[in-house]
Each structure stands twice: as C-alpha cells, then as structure tokens.
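Visitor: Okay, here's what each chain looks like letter by letter:
Protein chains: 6
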Amino acid sequence: MARADGRTPADLRPITIERGWSSQAEGSALISFGGTKVLCTASFTNGVPRWLQGKGTGWVTAEYAMLPRATNDRNDRESVKGKIGGRTHEISRLIGRSLRAIIDLKALGENTIVLDCDVLQADGGTRTAAITGAYVALADSIEWARGRKFIGQKAQPLIDTVAAVSVGIIDGEPMLDLAYVEDVRAETDMNVVATGRGLFVEVQGTAERAPFDRRELDSLLDLALAGTNQLAEFQRAALQSADA
Amino acid sequence: MARADGRTPADLRPITIERGWSSQAEGSALISFGGTKVLCTASFTNGVPRWLQGKGTGWVTAEYAMLPRATNDRNDRESVKGKIGGRTHEISRLIGRSLRAIIDLKALGENTIVLDCDVLQADGGTRTAAITGAYVALADSIEWARGRKFIGQKAQPLIDTVAAVSVGIIDGEPMLDLAYVEDVRAETDMNVVATGRGLFVEVQGTAERAPFDRRELDSLLDLALAGTNQLAEFQRAALQSADA
Amino acid sequence: MARADGRTPADLRPITIERGWSSQAEGSALISFGGTKVLCTASFTNGVPRWLQGKGTGWVTAEYAMLPRATNDRNDRESVKGKIGGRTHEISRLIGRSLRAIIDLKALGENTIVLDCDVLQADGGTRTAAITGAYVALADSIEWARGRKFIGQKAQPLIDTVAAVSVGIIDGEPMLDLAYVEDVRAETDMNVVATGRGLFVEVQGTAERAPFDRRELDSLLDLALAGTNQLAEFQRAALQSADA
Amino acid sequence: MARADGRTPADLRPITIERGWSSQAEGSALISFGGTKVLCTASFTNGVPRWLQGKGTGWVTAEYAMLPRATNDRNDRESVKGKIGGRTHEISRLIGRSLRAIIDLKALGENTIVLDCDVLQADGGTRTAAITGAYVALADSIEWARGRKFIGQKAQPLIDTVAAVSVGIIDGEPMLDLAYVEDVRAETDMNVVATGRGLFVEVQGTAERAPFDRRELDSLLDLALAGTNQLAEFQRAALQSADA
Amino acid sequence: MARADGRTPADLRPITIERGWSSQAEGSALISFGGTKVLCTASFTNGVPRWLQGKGTGWVTAEYAMLPRATNDRNDRESVKGKIGGRTHEISRLIGRSLRAIIDLKALGENTIVLDCDVLQADGGTRTAAITGAYVALADSIEWARGRKFIGQKAQPLIDTVAAVSVGIIDGEPMLDLAYVEDVRAETDMNVVATGRGLFVEVQGTAERAPFDRRELDSLLDLALAGTNQLAEFQRAALQSADA
Amino acid sequence: MARADGRTPADLRPITIERGWSSQAEGSALISFGGTKVLCTASFTNGVPRWLQGKGTGWVTAEYAMLPRATNDRNDRESVKGKIGGRTHEISRLIGRSLRAIIDLKALGENTIVLDCDVLQADGGTRTAAITGAYVALADSIEWARGRKFIGQKAQPLIDTVAAVSVGIIDGEPMLDLAYVEDVRAETDMNVVATGRGLFVEVQGTAERAPFDRRELDSLLDLALAGTNQLAEFQRAALQSADA
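Chains as they are written, first to last, in UniProt numbering: chain X, 1 to 244; chain A, 1 to 244; chain F, 1 to 244; chain D, 1 to 244; chain C, 1 to 244; chain G, 1 to 244.
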C-alpha cells in the first residue's frame, strides 16, 4: 500500500541533520524528519544543581516546546497562558529520560547539560525527531567540554547512542514514521526509543481508536527497531562530518 | 525468589474495592493495591463542553492527584505551588485515555463524566490502582444516569472493561504489581493497561537503569496480562455486590 | 423542634475518630461529623524554616483543602485553577492559629509540624471537624517525636486540647453542629474554637441573613461550649484507645 | 492606664472621613483612623454578572489591598508575586459580607457595586477603617445611581448603616481601636462589625497569645459596640456635609 | 488654539508636590499633574541584592501600578489577574532607568532604594508624573540615609535632577502635558525624560495615528525641554520647603 | 574608526531575508542581521476578536520571544517561569504598534493577523530584525488572503512599508546596527522604526550610561534613517523574488 507521500510502510521520511546550527550553544543540531524541523541545543554548565552537589555525579535534563505557528493552526504560547500543558511536560520528561539512559552520569562528573528541543515546524513525530537530534547536540557538547577539560580525556560519559521513531497501525497496516496526516488516522500509535545496540529505552504504545493485540504489538516493535537502526546511521554520519 | 512482603513474582498485592464509598458522587470506589489507596469518584453531568455541543457525542476525562502526605515524605501541594507537575499531568492524561478506550462516546450521548482519582496513601502503582478503580466508578455512574434516563435503556456506552497493573524487572527477574520499595529498585518499569478481553490499551515501558531487550519485554507483557485478568475479576465482583 | 436528621437543637451529629488511619504520617485521624469526613495528617520534621532557625522555638502550621467531588456538585481543583481560593486560605489560617493556641512552641523545640486536613466528603462543618481531628493527629505526632527523642521526655508542648464546632440560628432557634442543609438556611452562623478547659480560641460569627443581637450571641456561645466539651471527650477517648 | 498616644482604653483614635476624594468613582472616601489611611471607592455598574442575570437582584463585592510601602517595612506587591495572600483574601471577603449585610439586594435591582479599599498608610485597624469608609462610598454611589435613574426614587437598598472597630486585651485590659504597636502586643484581638442600630454583623475574636474567657469576651463586645456607635456618627456627619 | 481646560499649547497643567506625604517611607511625595495624582514612596534599605554584594555599588529600582478605580472605568487588579500587564512592566522599567541615569551608584554605596509609584487618580501623563515625583522621594530618602550615616557626609549620589513630561501632536499642533482627553486624540505621542541640566535621558515617540516627520519631532522636543525645565523648578521648590 | 567586525560606523551588518521559510504559515521570513536570526510568521484568520466584531475593521498584533539558548548563556523559559518578563512584553507591543502604523485596518476588513517573531539566535538588534522581518511575513499573508478572497482585489491594507534599526553612541561616536558586544558598551542606545517613505513610527532613545544632548540625538536620527532606507531595499528585493 502506497502512502500519501509515496513511501512504503517501512520507509522513514527524508532525514537531515544540520549539526552545529547554533553558534551560541556547546552542541546543536537542526534535524528534519520530512516536514518536521526541530532545533536541538545542548547547554553545558560546569557544576550541578544544589541537590546533587558533592555526589560526584552529573545531570542531564531536557525541555521541549513548539513555536506557536509550527503547526497548521496557530496555538497560544504557553508563556502567555502562564502554564505548561500536559503534553509539553510529558515530552520534555521523555526526552530527558531517553538521554539519561545512555549517559553514565558518574563519568560526566559534576557537570550539567540541558537539552532544548524547539519545534520550528511540526508535521508528526516531533518528539522522536527531538530525541534523535538531541543526541547529536549532546554528543557534541561532551566533546566541547572535553576540549575545555571539564571532562577528562579518558572519561566515557556516552555508553551508547539513542534514537526514536514513531510507528502506528493505519487501516490495519503497521507503518513507520508517521506524518501528521497519518498520525491522526492511526488506530494505534507507538513511540519507540532505542539504543544504537538495539535495546529498548522507552516503549509507549497507545490505542487511539481500538485496543491492539499481541501480534500487532510485535509487528510494530519490529518496524520501529528497523527505523531506529537507520536513524543511528544518520547520527553517526552527522557526527563524523567535519566539525561544525 | 521471595519478595519483601512474601509474594511470588507473579502475585498481585491484596486488592480491595470499596464500591460506593462516597455518598455524593454518581459513582465511586475506594480501591487498595496493598498499601496504595485511591479514592475514585465519577461526576456525571448532563451536557458536554461547548466545543462538543451538537455533535451527539459525550466526553470522559480524568484528573489524578495525591494528598500531600500520601507518601513517606510530605510533598508540597500543587495548589500552593500554583502549578501542576509533569507527573500529575501525565497520569491524568493516561487515565482519561484508558477509560475512553472502552467507552462508546456516541452511545454515551451528550453527557460528561469526570473521574477524580485522589491518592490517599501511596505505596507504588498509584496510577494502575487509579485506572482500575476509576472503571468501577465509571460503570456505576453510567447506571446511575440510566436510572435517571440521561442514557437510554438500551444504550451500551461501555464496550469492554479496563484495568491496569505495573510490572518490572528487579535483579533480572520480572515481577508483577511493584510496591514502592520494589519500584525504586527496578531496572525496567512498565505500566500496562488492558481490557477485560485481553487487548492492550496502553503499554508504557521505561528503562530506569538499563535498556531492555525483546525477550525481557515479552516476559513483562505476559506477566502484566495475567495481572489485568485477575483485576478484571475483582472489578466484576465489586460491581456484582449489592448496590452501594 | 426536630431537625431533618432527628436531632434536637443541642445535639452533635454522630462523631467518629479513626486514629492512625494513615500508615505514612507521624500522626493521623480520619474524623467524621455525620456525613463530613476529613483526613487529618501530621507531618513532623526535625528542624524549622530558615526564618526561625536558632531561636529555640518550633513551628506548627496547617493546610486545608477539599477533594473536587467532596461536595454535591463537583468543584474545579485549585491546582488546576492555579490559585487557592479565599475560603481555603482563610480556613487553613484558622486551623493553624487554633492549634498554635494550645502549643508551647518553646517546649516543642526546633521542630516543625504540618497538619494537612483534606476533606474527603463535605456535609457542613468541615473546618470544625478539621480542627478537632487535627488535634488528635498533632498529639500523636508529638508522642511519635518523643519516642524518637526529637522532643525530651519531660517536655510538655501541649498545654491544653482544642476542638471546634459550628452553631447557628435557624428560624430563630440556636442549633449546634449544622449539617449542610441547615447551614445554607441559617440566619447567623458561628464557628467556635475552644480548649478543653473551656476557654475561647476563636469566635467567628457572621450574619448570613440578618444581623444578630447580644442575646442571640450569648445563646450561641452557650451551645458551642457545650459542644466543644463533648468533642473533647471524643478526642480523649480516641487518644486513649490502643495505639494505632 | 494611659496608652502610648495618650488615649484612655475606651477612646477611638482621631477619625476623619474625606468624602468624594476621587473625581472618577461614583462614590469615594479617604478615611483615617489615626495613622491608618484607606482610600475607598465605589464603582457602580448597571447590570450584574452573568450568574445573576434575570434574577432581579443586584451584587455588592469588595477588594482590599495594601500599597507596598503602606507599612513600616516594604512588602512585595501581590501582583509581582503573582498571587493574593490569605490575609488579603480574608479581609476582602469580610468587607464584602459586611456591606451585603446592610444592603437589600432586591431593592438594588440588577446593578453591581464594587468597593475597592486600598490602604495608603497602615497603622493598625486597616480592615475596620476600610469597612467604615466603604459604607460612605457605597451610600454615595447609590445616590449617584438614583440620580441617573438606575435605581428608583423610592427604592431603599440601604437597610441600615455599618461600621467596624477593633478591640483587644493588652496586659489584661480591654482597649478600643488598637494602633499597630498595641495590636502586636495584644493577648486577644477582636474585630467587630456592627450596624447603626447596634446589631452584630461579624464578630471575629482570636486568641493571639492566650485563650480568653467569657467575661473577657463580654467586656470586649461592650467596648466595641460603643466604638461602632461613635463611628456611625462620623459616617452620618460625612454624608450630611455638602456634596463632594 | 485654546485647549479644553483653557491652557495654551505650551502650558503645563497645575502642578503640586506634597512632599513627605507618607509617615512610613524614607522619602515620599504625592504629586499632581492636573487630575493625575501619584503617590511616590522611596524605601531605603542598607544592603544590596545578592547578585550585587561586594561590588561596592548600590541599586535603585522602581515599581509602577494603578489603583483599580484610578481611571474612569474600573480595571481588574493585576494581583487578582495573577499577572502584570505589559504596560505596567514597561512603565516600571522606564521609571527605574530614568532615576538610575542621575544616580551615581558607586557613591550610593551598598544600599538599595525602591521607588513605588502608585497612581491614585489617572488623567493622562501618569508615567511622567511618576518620574517627576519619584525624584523628590528619592532625594529625600538619600538625605534620610545620610542622617543615619548609611551614606557618607560628602558622598554625592545624585549627579543631576530628573523630570518627565508628555508632548503630542493634536490636529497638527504640538502640545505639552496631555490630559487624558487629549492623549486619546493625539496623532503622535511622546514622553521625554530630561535632567535638570537639559540633557535627554529617554525619548519615546510613538506614531499613534500617523507617522511623523523630522520637523514635527523637533518641535515636540523643544516643547518637552521647556516643560521639564519648569518641572525641575517645582521639584526644587518642594525640596527647599521646610522638612516633611 | 573600525568596528570589531570591520564595519564602518554607518554600515549595516550582512542582511539576509529567507522569505517563505515556513510551510505552515500564511506568510513567513527567516531574517538575519549578522548573527541575529529571527523567524517571523504571519497567521491570518478570517474574523476578529469579539470586542471588534461588527466594526468593519481588522486587527494586527505581534508576539516576540527568544529561544532559551538563543543567547550566549541559557535563559530560563518564560513558559517554565509561568510569566512573561517586562522586556518581552515591551518588544511585543513595539512590534505590534510598528506594523499597525502602516496598515489600514479598515482596508484589511474583519480579518486578524498575528505576527510571531521568535529569536533563534541573538546577537544584538533582535527587536529591529523582528520588525523588519515581520513586515515581509505580513505582506505575504495579505497576498495569501487576497488569493483566497478574504481581502478584495482592490483593497490596499498596506499603506507603506516599515523597517527598524538600532543606533548608538560608543566612545562618543554614533554607530549603526549594533552587535551585542557593541550594545553593552553603548553610552546611548536608540531604536528607530521608520516607514519606506522615511517617516518616523517609533523613536526610542535611552541613555544607558550618560544623558545625551540635542546634537547627539540629531546625528543618531540621521544614521538611523539611512539604515532603514537600506533595509527597505532588502525587503523590496525579498518580496520581488520568486514566490516562496
């Protein structure tokens, strides 16, 4: 079955990673999953929040947000509304957990890295693009810190890579990396975060229209792992390109 | 391997459901999963929010909260802090989605049901107890509404039952229904929401300490479905007891 | 004149005090005044807020709140609204002042006790039930702290007991402990907080419908003191029962 | 016993009422109780809030606030803190209830009056000065509205006058109208709101240091009623002066 | 062309400065520009905010606000709305910058002065009246601090005086010190803050109706400097009057 | 005198305008003033806010914000802080006023355009780049609306063009378009908004270090008008390029 944009069910959308997009941040990447564009920056600070001081361990956290006109209809700014919505909170927490899963916080030392993932344009899969791009920004910020000796030459804070992709069942068929028009039609929607070694970090499956059975769950997981494997390749390529 | 409270890995904690605990709400249940106690109330209103009016469909939503001293250390009230934390938002949304998955909103008609799940005492698994108890309150509120003819005699808004349970891997072994002391030690933690027919509504697995592989994921899902099956029995028994 | 529930004007509603309801808090009581049920917990912390440090004196404070469906119609959560209403503030302050009136803060030493009074079900007199139950939780938390030597064996932080009751004038007749249906009809409504020795801690009388004269005020005070005397007996009995 | 400012225990401080201070409001008064100065304005609007429409009844409400440097030490603005404190809420509600007690809302018709009481300088008794001054602003706004025919020529929305005063026990002696230096030393502090006919609208007595007995309560009430009687005279005089 | 209140285009409204209006603040002035009345208080504190400690420099800041019924129609309180509007923020910042422009923060030493400018009645030009009055309060608070030796006898923290006035073009004609009825009709509106020596501190011109050319800008600046010169005279006179 | 980046005092930084950057918005531009990059989107809605309905006039408004890591040090998000800072408010209002100055709201008809200006990278002059880019997005959204007949073929809502630039005095010398390192050293800082015809819309000059005289003001205005003239050329070129 062909998809609206001509992909087969197992295809990712065109992926681009513009590493070092920001000249201010210690690490950054402008990542695209088709029409979804997320600017990911890593802010490295020597030192940790008060509650962690003296424990010899670092901290990695993330914040996700969307520009008001990233979407087809304009959304009010959360700063204007004076509060952060549940969805924003949920995704920020997911990104933070995903990155911490592949970081050795002891090896990071008493340093803090904040990942900001701002969606400039949204066309489905913003959280998975954010995680995938944030990993690149994170990796660069660690090398930046190593260059300034905030992290030792032999320390290995990164214990694996991490990427994420969405999968879903549309008209009974499992599909990879849903665009927005597909996402709204999906019966079941799943976000999978996996490491470069193929282990799961997060599996979040939701029956949007109809509960799903074990067999459907299995085929979604197969598709997702194939997708995160490809994304790991894109990350590797971006990080091996000449320094930003 | 015996657990701290003597259970085997596949055992639920003692489950009790005090149906009709509240004399004010249209449906209610005080549910316990061991030391976790959640008061679930269903508030039925004839009519729907403005954005749904005239569409011939109803609305079901949920709010989750914890009393400040439900836990071992006191937490500041979210009302005093002036904002709701990400965890609260996330769980409220999960409960709402879980219940909507087994409701036929057309059959509900233009009626609104709000489920309030307030944790009076917390010992792990508060969100799963909340979903399991909220189903009982929801079912009772629908019968209440049928009695007052807000819902027709033949309408079947409930298309299945729904229950939830946590599973996790501790010291390499998958275990069912984690108590708080287990939860903090788990390498991987998963919440599974499933219908009475054994279909998945939500699967949320998180690598808290170490990413997990496909085999581990499978054994967690097996354990979870066995647990939700038992919980469905407790729900059935509670709803068949004499009217509250 | 008989009341809706068969009481005489000078009768309290059925009073129950479930001491030690919470297994988490240092002291707790689930108190009922008829259909009004309030869960009171005392959280004891060794140490005081910064502004009191080094003054050799302790601190006792209280927070009151109502579950959204404690009442007949559901109220929006204050955490969702993002601010605490005037009524909630007012009652929290009243409870705190009432308990501090019978505490010797010097004898308490540099320790802090926070009383949380959460109304699980509301049928009039929630603030008076909260004060009466909070005293029991407070007393238990002090004995808990004495057992852990945060308070000396001979220190007597409690210098009296304290209880509270509402009184009101309905159809010209003074009545004790108003249920909700009575409260809304009362011309004058008064909350009286008094010690076990019969001294006033707070007297808050309000003309809801018609200003009241001195004679009416006097008969309300008589009725209230008789009520707080009886409540002091219930408190004594609860605290003398086998340890929770 | 002479007081710091030379008054006898039964003396009010110098009282002044500058009626019509504001050229914008429909009624206004700048009232002083000694060093306490409160600007009271009444804003009259034809029409009522949505929840009252079509019921043939009006609405009177009040808001109290203090300028940041009204007091000896500067307080942060509540607008800057982003929330209103419990004390502010409590006093706003007290002022509103006090004025509604002497208003016939049916006779007011579908009109709304908002009383703003802003403390420009604070030296004890700000809430009692606010109530006393607000009555004058309220009365003037009603005459303003009668002049514009929003209220009929024969309608009598004001059924009595209302004034308020503080009393307290200092070193065992009951005293009237406490200045700030007295207020902080008082063992017991009471605010009494009474009508021109000598009936009670509010009685709020608080044991700040030591619980009080019935005899003390009685002498405080005597003192307070004598004080509100004098304040009623000041109000009458202000309202009979040439129009502002 | 005569103006509604009989002034010529180059006339200020009647200006009064009641120095020392507050008995609580270290410096204060109640200033009127016609019907606009602003209470300005200066709160002097020995010490500086944490971020300035140990730098040997002081801090001056300002907050502006309007009473809800300062204007012809009542505005909701910003404390009740829970947030400060853009206009309030903007004016507070302008006042702070204007005063810091004539203060030598080194000579002030590690001291903080907060200027509160509360508009009691508004009839146009509230920000310019606030700046002009705040200077008087500021000057008095510095003398107060010198008297208590928080500032040395020879220190000269004030390096100039500062005043502000509005100008605008109405029906093509430049006019000084616009009253509210003029302000709403102005094609162009400009606020000019200038020192006693005639130097500009702030120039804020806005085309409300029609963009303006260089010649118009020049004539507005001429008018404004003539106005601030006169205001500087009023300030001098107020400060030379017998001590408050 | 050469500047850090080699410019002469009268040079703009390199200016680029990427028109149609967003595929979601009705008009958009990614504009750069050197290292400052601002994404401007125009959201066109048929209809106006309730308070404007039926008046035959449109509405144009703007919101400005900065990504947390647009700057050299990370700033907390305003959405996380729960309130918008004064600077953000001030700039949003400035952008809105600037655009409304060149719009004929009657000719726009009952339509609303919201301009969002999000700073992706900040290196001085973010507000002036925002205004200059917003004009391009605005112009495109109007043509979009004309294409869909929300605006008539002959209607001319745009009555002029508008651009903005900063100027400042550094070491006594007036300079155009300050980069961040220049901005922090400027004695005087001025933002000028002018139309394509060379008329002023806003003139905001602030003495950051030392008050400025009339002659300095004049030379800043000369420099600024030369700058906005050049910016108008860049806008024209962008709008004449092939459609986005």
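Keep in mind that the hints were calculated from the coordinates and are not lab data. Treat the hints with care, since some could be wrong.
Same chains, same names: a pair is fine if it fits in one copy or spans any two.
SDA-like mimics (lysine to any residue), calculated; alpha carbons at most 25 angstroms apart, straight line [said to hold, decoys possible]:
(1) 149 - 214
(2) 154 - 45
(3) 81 - 15
(4) 81 - 50
(5) 106 - 233
Visitor: Each hint needs a verdict: does it hold in this structure or not?
Guide: Hint check:
Taking the shortest alpha-carbon separations for residue 149 and residue 214, neither the intra-copy value of 49 angstroms nor the inter-copy value of 39 angstroms comes in at or below 25 angstroms. With identical chains, the CA atoms of residue 154 and residue 45 are at most 25 angstroms apart within one copy only, with a shortest distance of 19 angstroms there and 44 angstroms across copies. Proximity of residue 81 and residue 15 under a CA criterion of 25 angstroms is satisfied in neither setting, with 33 angstroms inside one chain copy and 34 angstroms between copies. Proximity of residue 81 to residue 50 under the C-alpha cut-off of 25 angstroms is restricted to the inter-copy arrangement: shortest distance 19 angstroms between copies versus 30 angstroms within a copy.
With identical chains, the CA atoms of residue 106 and residue 233 are never at most 25 angstroms apart, being 27 angstroms at best within one copy and 46 angstroms at best between copies.
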